[in-house]
Amino acid sequence: MLTALLIMSALALLLGAVLGFSAIKFKVEGNPLVDKIDAILPQTQCGQCSFPGCKPYAMAIAAGEAEINRCPPGGEEGIRKLADLLGKEFIPFGEDTAAPKPKSVAVIDENTCIGCTLCIQACPVDAISGAAKQMHTIIESECTGCELCVPPCPVDCITMVPLPQTLQTWKWQYPEAALEKTAP
Amino acid sequence: MRKLHTFHGGIHPDEHKLMSSTPPSARAPLPPRLILPLQQHIGVRAKTVVQAGDKVLKGQLLASSVGMLSAAIHAPTSGTVVSIEFQAVAHPSGLPELCILLKPDGEDRWIEHSGFDYRALPREELLTRLRDAGIVGLGGATFPTHVKLNNAQGIQTLILNGAECEPWITTDDRLMRERAAEIVQGIEVLRYLAQPAETLIGIEDNKPEAIAAMQQACNGSGIEVVVIPTLYPSGGEKQLIKILTGKEVPSGGRPLNIGVACSNVATACAIHRLVNHGEPMISRLITVTGNVKSPQNFEALIGTPIDELVQLAGGALPDSNGFIVGGPMMGLEVTNAQLPVVKGSNCIIVKSGKLFPAPPPALPCIRCTRCVQVCPAELQPQDLYWFAKAKNLGKAQSFHLFDCIECGACSYVCPSNIPLVQYYRFAKSQIWANERDKEAADLARERHEFQLMRIERDKQDKAEKLAQKEKAALAAKAAAAAKTQGEPDAGTGADAAAIDALRAQVREIARPVSEQPPEKSA
Chain A
1 MLTALLIMSA
11 LALLLGAVLG
21 FSAIKFKVEG
31 NPLVDKIDAI
41 LPQTQCGQCS
51 FPGCKPYAMA
61 IAAGEAEINR
71 CPPGGEEGIR
81 KLADLLGKEF
91 IPFGEDTAAP
101 KPKSVAVIDE
111 NTCIGCTLCI
121 QACPVDAISG
131 AAKQMHTIIE
141 SECTGCELCV
151 PPCPVDCITM
161 VPLPQTLQTW
171 KWQYPEAALE
181 KTAP
Chain B
1 MRKLHTFHGG
11 IHPDEHKLMS
21 STPPSARAPL
31 PPRLILPLQQ
41 HIGVRAKTVV
51 QAGDKVLKGQ
61 LLASSVGMLS
71 AAIHAPTSGT
81 VVSIEFQAVA
91 HPSGLPELCI
101 LLKPDGEDRW
111 IEHSGFDYRA
121 LPREELLTRL
131 RDAGIVGLGG
141 ATFPTHVKLN
151 NAQGIQTLIL
161 NGAECEPWIT
171 TDDRLMRERA
181 AEIVQGIEVL
191 RYLAQPAETL
201 IGIEDNKPEA
211 IAAMQQACNG
221 SGIEVVVIPT
231 LYPSGGEKQL
241 IKILTGKEVP
251 SGGRPLNIGV
261 ACSNVATACA
271 IHRLVNHGEP
281 MISRLITVTG
291 NVKSPQNFEA
301 LIGTPIDELV
311 QLAGGALPDS
321 NGFIVGGPMM
331 GLEVTNAQLP
341 VVKGSNCIIV
351 KSGKLFPAPP
361 PALPCIRCTR
371 CVQVCPAELQ
381 PQDLYWFAKA
391 KNLGKAQSFH
401 LFDCIECGAC
411 SYVCPSNIPL
421 VQYYRFAKSQ
431 IWANERDKEA
441 ADLARERHEF
451 QLMRIERDKQ
461 DKAEKLAQKE
471 KAALAAKAAA
481 AAKTQGEPDA
491 GTGADAAAID
501 ALRAQVREIA
511 RPVSEQPPEK
521 SA
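Line by line, the protein sequences are chains A and B. Using the working numbering, the letters of the first sequence correspond one by one to residues 1 to 184. Using the working numbering, the letters of the second sequence correspond one by one to residues 1 to 522.
Among the clues, some could well be false.
Computed, partial: chain B to chain A, Cβ under 7 Å [unchecked claim]:
hint, residue
1, S93
2, A433
3, A441
4, R445
5, Q460
A short list of chain A residues far from chain B (calculated; beta carbon distances all over 10 Å) [as the list claims (entries may be wrong)]:
hint, residue
6, L11
7, T97
8, A127
Below are the DMTMM-like pairs computed for lysine to aspartate or glutamate, each with C-alpha atoms no more than 25 Å apart in a straight line [to be verified]:
hint, chain 1, residue 1, chain 2, residue 2
9, B, K438, A, E77
10, B, K389, B, E333
11, B, K389, A, E142
12, A, K171, B, E435
13, A, K171, B, D132
Worth flagging that the hints you see were computed from the coordinates, not collected in a lab. Nothing here was measured: the structure is a model prediction, and the numbers come from that model. We treat Cβ as the ideally placed atom computed from N, Cα and C, and that holds for glycine.
Make a model of the complete structure from these sequences and hints.
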């Protein structure tokens, strides 16, 4: 009887020690759910969700403080993916959320730019190159189209230009139209 | 007699080949204008080296290849470059592509050119010449030949594709009948580059004249002409390899993975023109057939508008309603007769309601699995359709969507007339688009995180500097306080200490930079 008790307590102690050790050794840094949500978000860092970037929004979603329908650049496809990930129902965009727009990039009118650097400070991805009293320009391949540089410009020289479709970005349309037309 | 293997599935569509394969091919006369798209190959768009207004000679370089996966474009005849602008091209998107517009001067004057002894050249040099001559695979995919051959050395089997399995098309048939000797000379160059243990030419048994001509030309050369049964799509690269060698190209792999390289007979002919005559790829044989008065094959300059060729074939009959560029199974339907012939165009079919009736309305899938029976890639087309329709792209991918060769056999047999291939194309391009978006998002995330890190770092630097300054001020204050203790009559202690601290600060600021301690100059 005593032996059994001793063995059981020794085992319990040993397993407890192993568990305790692994809890420290294999501790998960941060919330893995946040990274999964962040991977779905389009990383425009535009703040249209009312959070200061995609990561904070992902953290708010993970904490249950924000709905999943607040990201216009992600589109309905994004909401669907978030709903899938979180096991929630799909919900349409809220009334207070801006409508999704076609993907655009900012373009600086270089004749009007006065070189004030305000847009450079506003850009969340360092996609604007320039210096004080020097003309600024946008690195198109880095621009996420977040529009954050537009309001700070004192001379309104930044416009958002929708990206034209090219042979490289073109994709086949969903053949639904053909099917709907012919459905009885 | 070589033992032939079979691939899974396949169909027997009506051939419609005799009408265009019977008359000998003819050389198309100079068209009034040529439209040369800069992207006629898989890979990077070629870069123009001429300007509007330039006079160019036949065979002169117009656009050079950029990087490895690219091919050059040459002037098909002598004339003037009218402009370099966006023009409609034969692409399913209908989007315009940057083209060089050339107005022929009618003289057809060649630039200085001559053949060369390829055996005297190092391998790299020969491959570079192939690239600079704009040689791409003429079977339809227009993959740059020098890239394909770059890694193909000491392979097991070199396969020349003369199957031409798609209905209506007869260019390779006519080419093999008329230029068998030239093709064999081109094959010799390929053999020199790839050093294969065996060289095979696969030809479907519905082309007896071509088989006879090739057999005669190959006599004693060690190249074996293999007659294969007619079955669509036996001319598909992977299918032909399976028939001839019994080997299967692994999913997601290339023929080179199993020691096989595959090339079209027309490509071999183009290589011969380059090596033995110094001519870059400026023309090709193309079938003009369908609803025209006299279907025929034409040796057409690259860039010739479709309309010109249709006129040569006697013109489109009154009830025509558009064209198919390529074959009826995998080709592209267009209505614009001004689109140019490019390196990859092997056939122009003039359409009519009688020859190509509009497909009946699509009905729901009844899961009869006829598509499974004919799929040459051994996929489950009905499942792929299901997933693509539901936009369940991950699932479609896990069912090997990317092994689909879009041959159209499934759509051909579907009793519900579902445009299955369109669903697969949609799913494939959507997956590619998602991957592009993901790359862009990853880049943006990385840059944003770096920016946050940078701002944080700057903040810390500033705080450190401030802390150091404060520390110095405190030290000065303490020193001053110690001093005032010795001089009790110097006003109130506190005031004196404050003044001394200020003085210390002023001294510090006034001190030349070189005297400052190193940790402060940071």
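Evaluation of the provided hints:
{"no.": "1", "hint": "S93", "in the structure": "holds, 4 Å"}
{"no.": "2", "hint": "A433", "in the structure": "holds, 5 Å"}
{"no.": "3", "hint": "A441", "in the structure": "holds, 4 Å"}
{"no.": "4", "hint": "R445", "in the structure": "holds, 5 Å"}
{"no.": "5", "hint": "Q460", "in the structure": "violated, 19 Å"}
{"no.": "6", "hint": "L11", "in the structure": "holds, 43 Å"}
{"no.": "7", "hint": "T97", "in the structure": "holds, 19 Å"}
{"no.": "8", "hint": "A127", "in the structure": "violated, 7 Å"}
{"no.": "9", "hint": "B:K438 with A:E77", "in the structure": "holds, 13 Å"}
{"no.": "10", "hint": "B:K389 with B:E333", "in the structure": "holds, 23 Å"}
{"no.": "11", "hint": "B:K389 with A:E142", "in the structure": "violated, 33 Å"}
{"no.": "12", "hint": "A:K171 with B:E435", "in the structure": "holds, 12 Å"}
{"no.": "13", "hint": "A:K171 with B:D132", "in the structure": "violated, 31 Å"}
Against the hints set out earlier in the document, violations occur for numbers 5, 8, 11 and 13.
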